[in-house]
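Residue numbers (my numbering), protein chains in the order written: chain B, 1 to 204; chain E, 1 to 204.
Careful: at least some of the hints might be erroneous.
[Claimed, not checked] Derived, one-sided and incomplete: chain B residues facing chain E with beta-carbon distance under 8 Å:
#1 A31
#2 E35
#3 F82
#4 V144
#5 M147
#6 T149
#7 A152
#8 A153
#9 G163
#10 V175
#11 Q179
#12 A184
#13 G191
#14 P197
#15 R200
It is worth saying that the hints were derived from the structure and are not from the lab. It should be emphasised that the depicted structure is a prediction, and the values quoted were computed from it without experimental measurement. Ideal Cβ placement from N, Cα and C applies to all residues, glycine included.
There are 2 protein chains.
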Amino acid sequence: MRPATQRKHAKILQAAMDVFGSKGSTNGTLAEIAEQAGMTHAGVLHHFGSKQNLLLEVLAYRDQADVAELADQHIPGGPELFLHLVRTAFANAQRPGIVQVYTVLSAESVTDEHPGRPYFEDRYRVLRGDVVAAFRELCGQQGVTSMETVDAAAAAILAVMDGLQLQWLLEPTAVDLAQASEFAIRSIVNGVLHPGPELRSYVE
Amino acid sequence: MRPATQRKHAKILQAAMDVFGSKGSTNGTLAEIAEQAGMTHAGVLHHFGSKQNLLLEVLAYRDQADVAELADQHIPGGPELFLHLVRTAFANAQRPGIVQVYTVLSAESVTDEHPGRPYFEDRYRVLRGDVVAAFRELCGQQGVTSMETVDAAAAAILAVMDGLQLQWLLEPTAVDLAQASEFAIRSIVNGVLHPGPELRSYVE
DNA sequence: GTCTATATGTAGATAGAC
DNA sequence: GTCTATCTACATATAGAC
Chain B
1 MRPATQRKHA
11 KILQAAMDVF
21 GSKGSTNGTL
31 AEIAEQAGMT
41 HAGVLHHFGS
51 KQNLLLEVLA
61 YRDQADVAEL
71 ADQHIPGGPE
81 LFLHLVRTAF
91 ANAQRPGIVQ
101 VYTVLSAESV
111 TDEHPGRPYF
121 EDRYRVLRGD
131 VVAAFRELCG
141 QQGVTSMETV
151 DAAAAAILAV
161 MDGLQLQWLL
171 EPTAVDLAQA
181 SEFAIRSIVN
191 GVLHPGPELR
201 SYVE
Chain E
1 MRPATQRKHA
11 KILQAAMDVF
21 GSKGSTNGTL
31 AEIAEQAGMT
41 HAGVLHHFGS
51 KQNLLLEVLA
61 YRDQADVAEL
71 ADQHIPGGPE
81 LFLHLVRTAF
91 ANAQRPGIVQ
101 VYTVLSAESV
111 TDEHPGRPYF
121 EDRYRVLRGD
131 VVAAFRELCG
141 QQGVTSMETV
151 DAAAAAILAV
161 MDGLQLQWLL
171 EPTAVDLAQA
181 SEFAIRSIVN
191 GVLHPGPELR
201 SYVE
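Given these sequences and hints, build the entire structure.
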């Protein structure tokens, strides 16, 4: 692909991220994306064929951009992964736009026949697997933990990051995304290693 | 309001919850809601005036339905609130429809000028306040904890419940909503009372 | 209170000129 | 590669008959 075309592609993708983040993928229109990219909606369709295809490329684009940002620095495994997730939360607190695209599109994806659904199913499956692997390494060092607990903890760590993003987007001054994510991840990791008292015990 | 009219209202609201849950509030149409309620879209508008107003009444309806379900049994304060949240997670695992409406609409609400946004801002503010109050009672019994930690923990508990719902909706067999919620809430509550080691200490 | 008919707006996609 | 023009489809909302 020619460099000029490649730049146009990138510009359209950036515009699409912006618009899908602001309006959602259903409400965001090709015309608005085109305007931000400096062309008409017909031009956008020339590059991406259809709105659905553009959406899928937006989702793939961020993964690619994330990897590029890490340079050849691969995502760490083992206990370092937890620190990496906390660093991600700190980074996300500086880029509400990207956070909003993912929050809106991931929730939209559970609706009927949404084109982004396979992407998010796969994404969460992979991420949960990574976190489970990190827990296995950690527990191997420090003791034995049931498989159900590790599965629950892995899902919970991703969940708390997503859920805090939603509250933070709604009211940025009321939620400290970075600090709350760090506290929650730490609490869940510690909860796996040292179960602690049951909730019931706190009542009377 | 006459009883027959009231029943029609309820029937339309049920249909709207169903459709907004399946398609989102943007993609869900008045025609589909009307069909499920046994009338035409003009009939729906006769009852609710506009689609936007219907959406807002759907959001209010669930709160009202939740309260009715609890009978005159008010939402508990203090440490019992944590057990109540766990019970809610168990109940939610039996009603994917309701969970989906809230997951989809809450994320949609962060988009530009979404009519449901004030509702969700308010909802989270109130819920965080309830959880913070529960922590204060708990910490009063068991020791001193910083305000920032309590705020972070309150947001995190709501966040983990929401985030687990998303993963569970995407892949119900891969995530145990009830069990994972219980584990995460317990871990975060214990994290407030007994901080435990920092994440950094687990590396090397 | 519900219908049919219609007004009005806007979306995504296509065709063909330049 | 980008444009204008147009097609087709479908949405919300209104008007007025029954």
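Practice task
Could you tell me which of the hints above the structure violates, numbers in ascending order?
Solution key: Hints 1, 2, 4, 5 are the ones this structure does not satisfy, whereas the remaining hints hold.
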